[in-house]
Amino acid sequence: MTAALRQLAVCYRLQLRALSTSWFDGPLAIFFPLMFATAALLVYRIHGDEAAMQYAGLGAAVMGMWTCQGVVASSLLQRERWAGTLELVVVAPVSLARVLIPMTSAMATIGIYCVVVTVLWERWVFDLPLQVESWPWFVVSLLMAAATLSLFGYFLSVTVVRYRSSWSLGAALEYPGWLLCGFLVPVDLLPDWLHPLSWAIPTTWAMAAVREAAAGTSPVRDLGVCLVIGVAYAVLAAWLGRRLLESARRHATLALT
Amino acid sequence: MEAIDLRRDFRSRSGVRRTSRTVEAVKGVSFAIEPGELFGLLGPNGAGKTTTIKMLITLLLPTSGTARVLGRDVVDDVREVRRRIGYVFGGDRGLYERLSGLDNLRYFSELYGVAPRDQRRRIAELLELVGLTGRERERVEGYSRGMRQRLHIARGLLHDPEVLFLDEPSIGIDPVGARELRATIGALRDQGKTVLLTTHYMFEADELCDRIAVIRAGEIVASGTPAELKRRVSGARVVEVETFGVSDEAVAGLRELSGVESVVVEERDQSRMLIIRCAPDAEVTQPVLARLEGTGVGRVSTREPTLEDAYVELVSGE
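If you read the sequences in order, they're chains A and B. For the first sequence, the residue numbers in the working numbering are 1 to 257. For the second sequence, the residue numbers in the working numbering are 1001 to 1318.
Derived by calculation from the structure, the hints in this document are not laboratory data. Careful, some of the hints might be misleading.
What the hints assert, rightly or not - Pair by pair, the computed Cβ-Cβ distance ranges are:
no.: 1; chain 1: A; residue 1: Val125; chain 2: B; residue 2: Arg1021; range: 54 to 60 Å
no.: 2; chain 1: B; residue 1: Arg1017; chain 2: A; residue 2: Ser168; range: 20 to 26 Å
no.: 3; chain 1: B; residue 1: Gly1113; chain 2: A; residue 2: Gly224; range: 32 to 38 Å
no.: 4; chain 1: A; residue 1: Ser247; chain 2: B; residue 2: Ser1014; range: 18 to 24 Å
no.: 5; chain 1: B; residue 1: Asp1009; chain 2: A; residue 2: Gly224; range: 34 to 40 Å
no.: 6; chain 1: A; residue 1: Ser247; chain 2: B; residue 2: Gly1131; range: 50 to 56 Å
no.: 7; chain 1: A; residue 1: Val139; chain 2: B; residue 2: Gly1015; range: 39 to 45 Å
no.: 8; chain 1: A; residue 1: Ala51; chain 2: B; residue 2: Asp1118; range: 57 to 63 Å
no.: 9; chain 1: B; residue 1: Arg1017; chain 2: A; residue 2: Ala51; range: 35 to 41 Å
no.: 10; chain 1: A; residue 1: Ala172; chain 2: B; residue 2: Gly1113; range: 36 to 42 Å
no.: 11; chain 1: A; residue 1: Phe32; chain 2: B; residue 2: Pro1116; range: 20 to 26 Å
no.: 12; chain 1: B; residue 1: Glu1034; chain 2: A; residue 2: Arg250; range: 27 to 33 Å
We treat Cβ as the ideally placed atom computed from N, Cα and C, and that holds for glycine.
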């Protein structure tokens, strides 16, 4: 157990180092989320509604986490494939989960950085200080968002291990995710048939928890559901990972470049 | 380690109608490697070397046949096999470019279960072995190809595997780097490691390997010690003729000459080199030049056959 935790911690630290030493994956990862947040706040500002601006400000901050982590995770194994390290990590005597979770957790850390920078940007550029009633629950909700998004990312990355064009799945998920997770528009406004899809994404519940914490109401229920869904994705990913790697061994798709 | 009648097919689909096609990459390969032996698997590109290795390291399932590494089945005992083997392949890839060499080794130490108390000592030993001491804190993206390849070897040895698979480790390395790499591989043999090396450089196999198997189109066409393979062509002589614009018909005509045992054509930049192996007492130079009348002929020379001639003959099916 201790050895496994140490392995996860060391691999997380080194993956974070690899990400943060790249300007594009590290410091500049904020660029797109910041532009999207700016566009959203400019639209919301037209009506001068303070409550709506708060709603959009919170959503735009978490939206950056979704953009720079949830989406990138689907091309995670493709990156490994391009680097030629995919075969090496697969042939290692540890499970794929212990290889991938440190990677997606490192991405989640970049996601938290995006949230912080977006919040600061909103304050400086839009003069929009976030009104948060319960900072402890707010922070816990953001950490839960990052943690469950890393598990969801693990699921996405495993699902597409056999396919070269996995990045296109990530691109396809980005904008629907903005709507489905309720970043800028309440989930209740979506058609009823889309609600199950929204509820199946842990980030929807994490976003709700963030809003609850900001409003000063208890986010415990939302955090609980978020955690259960995130863990369910991890369990599903672990099972799928074994199946898909077996399939990859049978079909010789691991080395595709 | 042993492979018994190992086969691997690949099925691909192409065209609008998604027509299925099956390619036999490995067609019943069998061999056995003794503990502490350095065994070479030689063959041209596409011969099935890498596919064979990937079955042995559990990355690919065989279509049929069996293989055991250290007594463990590569299909059923996957985790146990992976614990005991190291895998190194050639080329630029397979490392985290943005991390230092040291961080790469730390990362893979964790994945391969090297005990934390042993990691520092083990990494230092391996950096020394591969000659990267002092450069370990530099990012891999700044490493030369030879340095990367040596780092690959260090990575493959982190968990002190009993068996090491080296898949064309010297590909693309300059002569000095390749010589250093051969010295490193030789040191592994001296340490008693069992090594399976694939390469298409005959001199490399000759220098390093205890035994060699030559694989062509998915089948082993010859095996033995380097000396045994050399004996296949001993006693013969080789005439090399540099030609410009020689036709395939003219080459076919040379094969019909009395005393000519085989003709291999090597494509050079501007010319085609004919490597003609002939019987010991046969005088073929004049008849060959007569047959090539009308074709541009450059340098003509005679020499003793080398191990490379045996290899070329085996893989070209002459």
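Okay, Arg1017 (chain B) versus Ser168 (chain A) on CB: inside 20 to 26 Å? With a Cβ separation near 25 Å, Arg1017 (chain B) and Ser168 (chain A) satisfy 20 to 26 Å, so the hint holds.
Has the hinted range 34 to 40 Å been met by the Cβ atoms of Asp1009 (chain B) and Gly224 (chain A)? violated (50 Å)
Determine whether the Cβ-Cβ distance between Val125 (chain A) and Arg1021 (chain B) falls within the hinted range of 54 to 60 Å. holds (58 Å)
Hint says 36 to 42 Å; check whether the CB-CB distance for Ala172 (chain A) and Gly1113 (chain B) agrees. Given a distance of about 38 Å, which is inside 36 to 42 Å, the answer is holds.
Taking the beta carbons of Ser247 (chain A) and Gly1131 (chain B), is their distance inside 50 to 56 Å? Distance hint for Ser247 (chain A), Gly1131 (chain B) is violated at roughly 41 Å.
Between the beta carbons of Gly1113 (chain B) and Gly224 (chain A), is the distance compatible with 32 to 38 Å? holds (35 Å)
Cβ distance range 18 to 24 Å for Ser247 (chain A) and Ser1014 (chain B), holds or violated: For Ser1014 (chain B) against Ser247 (chain A), whose Cβ atoms are near 21 Å apart, the range 18 to 24 Å holds.
Taking the Cβ atom of Arg1017 (chain B) and the Cβ atom of Ala51 (chain A), is their distance within the range 35 to 41 Å? Given range 35 to 41 Å: violated, Cβ gap about 59 Å.
Falls inside 20 to 26 Å, the C-beta gap from Phe32 (chain A) to Pro1116 (chain B)? Given a distance of about 39 Å, which is not inside 20 to 26 Å, the answer is violated.
Okay, Ala51 (chain A) versus Asp1118 (chain B) on CB: inside 57 to 63 Å? holds (59 Å)
Is it true that Glu1034 (chain B) and Arg250 (chain A) lie within 27 to 33 Å of each other by Cβ? holds (31 Å)
When you take the CB atoms of Val139 (chain A) and Gly1015 (chain B), is the distance between them in 39 to 45 Å? violated (56 Å)
The structure is inconsistent with the numbered hints 5, 6, 7, 9, 11, although it conforms to all the rest.
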